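Asks: Protein sequence lines, in the order shown, are assigned to chains U and A.
Oh and the first sequence: position 454 is 454 in UniProt numbering, straight run, nothing missing.
Oh and the second sequence: position 51 is 51 in UniProt numbering, straight run, nothing missing.
No wet-lab data here; the hints were simulated from the structure.
All of these numbers come straight from a predicted model, not from anything done at the bench.
Hints may contain errors.
As the list claims (entries may be wrong) - Calculated lysine to any residue pairs in the SDA-like style (CA-CA distance at most 25 Å, straight line):
1. A/Lys101 - A/Thr10
2. U/Lys152 - U/Gln83
3. A/Lys197 - U/Gln443
4. A/Lys186 - U/Leu396
5. A/Lys127 - A/Leu24
6. U/Lys207 - U/Tyr153
7. A/Lys92 - A/Met152
8. A/Lys60 - U/Arg372
9. U/Lys425 - U/Ile384
10. U/Lys375 - A/Thr10
11. U/Lys386 - A/Leu177
12. U/Lys416 - A/Gln188
13. A/Lys186 - U/Pro379
14. A/Lys55 - A/Gln133
15. A/Lys43 - U/Gly368
16. U/Lys131 - U/Tyr145
17. U/Lys430 - U/Gln443
18. A/Lys200 - U/His433
19. U/Lys215 - U/Tyr179
20. A/Lys200 - U/Leu422
21. U/Lys229 - U/Ile241
22. U/Lys436 - A/Arg214
23. U/Lys183 - U/Arg169
24. U/Lys209 - U/Arg169
25. U/Lys446 - A/Ile201
26. U/Lys426 - A/Asp199
27. U/Lys436 - A/Lys195
28. U/Lys215 - U/Lys229
29. U/Lys247 - A/Gly8
30. A/Lys92 - A/Gln148
To be verified - Covered by chain A, per the in silico footprint, the following chain U stretches (three or more residues, Cβ under 8 Å):
31. 401 to 414
32. 422 to 431
Glycine residues also receive a C-beta, built at the ideal position from the N, C-alpha and C atoms.
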Amino acid sequence: MTSNDVRDILELHHKPSSSTDSLVPSKKANKSEKERKPEGIPRELFQLIGGPPPIAFVKPAFKAKPNLRKKAVHWEWQSFNNQGRGQDDQLTLQHWVKCTPTSESEDSGYWFAEYNKKIDILKYDDEEYEKYLTDKDWTKEETDYLFSLCDKYDLRFIVIHDRYEYKDRSMEDLKDRYYSVCKKLLQVRPPEGSDKGALIAMNTYDKAKEEKRKKHMCALYLRSPEEIKEEEALLEEYERIEQNEKKFARERENLLKLLSFQELAQPKRKKSLLSGPTTPTMEVGSSNFHTSAEMPKKNRRTSASSVGSAVIEATFLRSYKIWEIPLRSWVVTPITTMLHVIHILPAQSPAEVHNTPITARKEKFPQGVVVRSSKIPLPKQTMIIKVQKTLQEFGLGPRPSIPTETVCARWVDLQKAIQTLLDVKKAVEKADHELKAKKALLQKIKQNGLGNASKSTNAGDAGGKQSDAATSVTGDGGGSDESNVPAKRERITLTTTPRDAKRAR
Amino acid sequence: MSTKRTKGVTIVYPIVYGNVATLLPQKKVPDSDHTHKWTVSVKGINGQEIGHFVKKVTFKLHETYSNPQRIVEHPPFEITETGWGEFELSIKLQFIEGSEKPVTLYHNLRLHSYEDDGSISTSSKNKPVQSFQYDELVFTDPPETLYQILTMHPIPTLPSKPSPNSLYSLQAEQDELRKIEEAYRKVQEQMTIYKNKNDKITKELEEVKAELERTKK
Numbered sequence: 001m002t003s004n005d006v007r008d009i010l011e012l013h014h015k016p017s018s019s020t021d022s023l024v025p026s027k028k029a030n031k032s033e034k035e036r037k038p039e040g041i042p043r044e045l046f047q048l049i050g051g052p053p054p055i056a057f058v059k060p061a062f063k064a065k066p067n068l069r070k071k072a073v074h075w076e077w078q079s080f081n082n083q084g085r086g087q088d089d090q091l092t093l094q095h096w097v098k099c100t101p102t103s104e105s106e107d108s109g110y111w112f113a114e115y116n117k118k119i120d121i122l123k124y125d126d127e128e129y130e131k132y133l134t135d136k137d138w139t140k141e142e143t144d145y146l147f148s149l150c151d152k153y154d155l156r157f158i159v160i161h162d163r164y165e166y167k168d169r170s171m172e173d174l175k176d177r178y179y180s181v182c183k184k185l186l187q188v189r190p191p192e193g194s195d196k197g198a199l200i201a202m203n204t205y206d207k208a209k210e211e212k213r214k215k216h217m218c219a220l221y222l223r224s225p226e227e228i229k230e231e232e233a234l235l236e237e238y239e240r241i242e243q244n245e246k247k248f249a250r251e252r253e254n255l256l257k258l259l260s261f262q263e264l265a266q267p268k269r270k271k272s273l274l275s276g277p278t279t280p281t282m283e284v285g286s287s288n289f290h291t292s293a294e295m296p297k298k299n300r301r302t303s304a305s306s307v308g309s310a311v312i313e314a315t316f317l318r319s320y321k322i323w324e325i326p327l328r329s330w331v332v333t334p335i336t337t338m339l340h341v342i343h344i345l346p347a348q349s350p351a352e353v354h355n356t357p358i359t360a361r362k363e364k365f366p367q368g369v370v371v372r373s374s375k376i377p378l379p380k381q382t383m384i385i386k387v388q389k390t391l392q393e394f395g396l397g398p399r400p401s402i403p404t405e406t407v408c409a410r411w412v413d414l415q416k417a418i419q420t421l422l423d424v425k426k427a428v429e430k431a432d433h434e435l436k437a438k439k440a441l442l443q444k445i446k447q448n449g450l451g452n453a454s455k456s457t458n459a460g461d462a463g464g465k466q467s468d469a470a471t472s473v474t475g476d477g478g479g480s481d482e483s484n485v486p487a488k489r490e491r492i493t494l495t496t497t498p499r500d501a502k503r504a505r
Numbered sequence: 001m002s003t004k005r006t007k008g009v010t011i012v013y014p015i016v017y018g019n020v021a022t023l024l025p026q027k028k029v030p031d032s033d034h035t036h037k038w039t040v041s042v043k044g045i046n047g048q049e050i051g052h053f054v055k056k057v058t059f060k061l062h063e064t065y066s067n068p069q070r071i072v073e074h075p076p077f078e079i080t081e082t083g084w085g086e087f088e089l090s091i092k093l094q095f096i097e098g099s100e101k102p103v104t105l106y107h108n109l110r111l112h113s114y115e116d117d118g119s120i121s122t123s124s125k126n127k128p129v130q131s132f133q134y135d136e137l138v139f140t141d142p143p144e145t146l147y148q149i150l151t152m153h154p155i156p157t158l159p160s161k162p163s164p165n166s167l168y169s170l171q172a173e174q175d176e177l178r179k180i181e182e183a184y185r186k187v188q189e190q191m192t193i194y195k196n197k198n199d200k201i202t203k204e205l206e207e208v209k210a211e212l213e214r215t216k217k
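All chains, full assembly: derive it from the sequences and hints.
Replies: Listed below in structure tokens is the structure:
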């Protein structure tokens, strides 16, 4: 390779030389360089960067010519037997063997034969068979046959099962027989040095279990994608319910505790309140609640948890499609109804509540101590002032003077109501403005009957506003101007005349 | 942190905090410009001491006072001082159970008596000026120790009628509730009015829009 070729390969710039034959290749190099400008980057950039980077290369090291032997080695075509193929096999194959002075006429055997590992399976004699290994289902012949196959195929049961020609047996059958025989033999034979217990344990085979397992595996493998999705969704649902179960169970217990309190105080009221909600889902919840409330305290816990577990079982066993939505509400609505009960009950008897400030109530506060007045949510930044003003009008200050639970709750409601009222007021005003504007527009149209107004409506709201401004301006200008200004506009901007509009109808 | 919390239990302890202020007779301390003597305090609503569950109270006064952070570790939890100006001070209650976070109350110190409309009363009344605020400490899932202590001591309940000792009573609460309900009712009324207005306007708007469409064609 000439240096120019090398340079060409490496895309180095050509060496300027005076000789003609170098000029030609240099031109070629130049051309090829220019042609090969990549299209992705602009020309200037390419000139700056200089194109693709040179390929990394190893400097051609000096390679010595290999020291070849002068004489060729002699190879011999020999036949051999593979010892790994077993004693009976007489297959003779042939291969090339190198003739070295040491290995002349030496049959050291097939060098790969040592890699043929065989499993030493247990062997029994007839005596042992008669004593321990007889089975109604298996004859000695068949057992012997099985063992010979095991030996031959190195306990590869899939192969064994395939080659099994004695009877129609399943793989589990074969495995079962083999392992039970081995186990029995280990048990009756005198103990060896190694851990006998472990060996026995290794040879236990549970046929029923294995069959089941394989069936499950098949089913798992053969699931359709829809089924897979369904199962995943179910699992998710289950996990969610598990997580919430504890919370629900706790809440349920609290409710039951509380209601047992109140039961002592106001048994009548409770019943009347519960007779209120009558939707089917709630009935289930209230019926559960009734029975559990009547049960003695000891059973109450179990009832609560049984409801929970029943719910969980229901979701887990049945297809979620049918039960999903109603179940969720099932779990939730009994609790919400009970919560409503709680909220109603104390409100009707504040005196009693104050006498028993220690209650199992569902407070929305986090754990720890809290000052009640600090927990009143403030309205939005923009609304704070307005809300306070409104409260002033009602004779109330920015916060309640006696912030008890009920007062605070009502206060929050009031604040929310005021906020919504202010929102509605705003919306009404806006709508009112819009209405007035549109009405005025309509008036204009009716009065003038000009396409000008119609064009502005074509333009849309923005145009409408502009025309509103125009009409208001013209309105301010006086009656006489009204006719002039629109008329001018008509000339300039009209594309359709009222006549066209009439024709279109 | 092995304190177990009594789950599902909420204890509400009503307290009253605020200040009393009296005008100092000018003869006593002529060279200082302090015009009033005031006492700020935190107590249960019937004047009970809250030392059984409160470890210490930190009153943070205005920075012009020396040692503005006044710590009181045993009842009565109050600070008495003299001064001339009104400012906001903070009252931090720390509880016996260390795992419970301290709560902070804020109070605007009041020295002068005000008329209803907020202007300072000019008539010289020698009665002490009071400014108190009712509030409730809500213990949610209290830890065992606190629970024991709180249940052992009687929790004050609002008296049914106001008395010279306590301004806060059940009756007052009922009054407040009534006011709130009244306000709520009025708001609802207004809401319905405005909703009707809104409906009417939207209907009219629809009509006008439709008419405009018609004339456009």
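Asks: Next, verify each hint and record whether it holds.
Replies: Each hint, compared with the structure:
In summary, the hint linking A/Lys101 to A/Thr10 is supported, as the alpha carbons are separated by about 16 Å, within the 25 Å threshold. Restraint check for U/Lys152 and U/Gln83: the C-alpha separation of about 15 Å stays at or below 25 Å, so the hint holds. Between A/Lys197 and U/Gln443, the direct Cα distance comes to roughly 22 Å. Compliance with the 25 Å bound is thereby established for this hinted pair. Only pairs whose Cα atoms come within 25 Å are accepted, and A/Lys186 paired with U/Leu396 is accepted, the gap being roughly 13 Å.
Distance hint between A/Lys127 and A/Leu24 is fulfilled; the C-alpha atoms sit about 11 Å from each other, no more than 25 Å. Of the supplied pair hints, the one linking U/Lys207 and U/Tyr153 holds, its CA atoms being roughly 21 Å apart against a limit of 25 Å. Our distance criterion of 25 Å between C-alpha atoms is met by A/Lys92 and A/Met152, whose separation comes to about 24 Å. For the hint pairing A/Lys60 with U/Arg372, the CA-to-CA distance comes to about 21 Å; that is within 25 Å, so the pair holds.
A hinted pair counts as satisfied when its Cα atoms are at most 25 Å apart, and U/Lys425 with U/Ile384 qualifies at roughly 16 Å. Restraint check for U/Lys375 and A/Thr10: satisfied, since their Cα atoms lie roughly 15 Å apart, inside the 25 Å limit. The straight-line distance between the Cα atoms of U/Lys386 and A/Leu177 is roughly 22 Å, inside the 25 Å bound, and the hint therefore holds. Between U/Lys416 and A/Gln188 the alpha-carbon distance is near 11 Å, which keeps this suggested pair within the 25 Å criterion.
Annotation: proposed proximity of A/Lys186 to U/Pro379 holds, straight-line Cα distance about 19 Å (limit 25 Å). At most 25 Å may separate the alpha-carbon atoms for a hinted pair to count; A/Lys55 and A/Gln133 meet this at roughly 21 Å. Between A/Lys43 and U/Gly368 the CA atoms are separated by roughly 20 Å; this keeps the pair inside 25 Å, and the hint holds. The hinted pair formed by U/Lys131 and U/Tyr145 meets the criterion: a straight-line CA distance of about 19 Å does not exceed 25 Å.
Distance hint between U/Lys430 and U/Gln443 is fulfilled; the C-alpha atoms sit about 20 Å from each other, no more than 25 Å. For the given pair, A/Lys200 sits about 13 Å from U/His433 by alpha-carbon distance, which is consistent with the 25 Å threshold. Note on U/Lys215 and U/Tyr179: the hinted pairing holds, with a Cα-Cα distance of about 21 Å set against a maximum of 25 Å. For the suggested pair A/Lys200 and U/Leu422, the alpha carbons sit about 18 Å apart, so the restraint of at most 25 Å is met.
The hinted pair formed by U/Lys229 and U/Ile241 meets the criterion: a straight-line CA distance of about 18 Å does not exceed 25 Å. The straight-line distance between the Cα atoms of U/Lys436 and A/Arg214 is roughly 18 Å, inside the 25 Å bound, and the hint therefore holds. For a cut-off of 25 Å, the pair hint linking U/Lys183 to U/Arg169 stands: about 21 Å separates their Cα positions. Distance hint between U/Lys209 and U/Arg169 is fulfilled; the C-alpha atoms sit about 17 Å from each other, no more than 25 Å.
About 21 Å separates the Cα atoms of U/Lys446 and A/Ile201, which keeps this hinted pair within 25 Å; it holds. Proximity of U/Lys426 to A/Asp199 is assessed by CA-CA distance (about 14 Å); at most 25 Å being required, the pair is judged to hold. For the proposed pair U/Lys436 and A/Lys195, the alpha carbon gap of about 18 Å is at most 25 Å, so the pair holds. Only pairs whose Cα atoms come within 25 Å are accepted, and U/Lys215 paired with U/Lys229 is accepted, the gap being roughly 21 Å.
Between the alpha carbons of U/Lys247 and A/Gly8 the distance comes to roughly 11 Å, so the proposed pair stays at or under 25 Å and holds. For the suggested pair A/Lys92 and A/Gln148, the alpha carbons sit about 23 Å apart, so the restraint of at most 25 Å is met. Counting residues of the stretch 401 to 414 of chain U whose CB lies closer than 8 Å to any CB of chain A gives 11, which reaches the minimum of 3, so the coverage claim holds. Counting residues of the stretch 422 to 431 of chain U whose beta carbon lies closer than 8 Å to any beta carbon of chain A gives 5, which meets the minimum of three for the stated coverage.
In summary, this structure violates none of the numbered hints.
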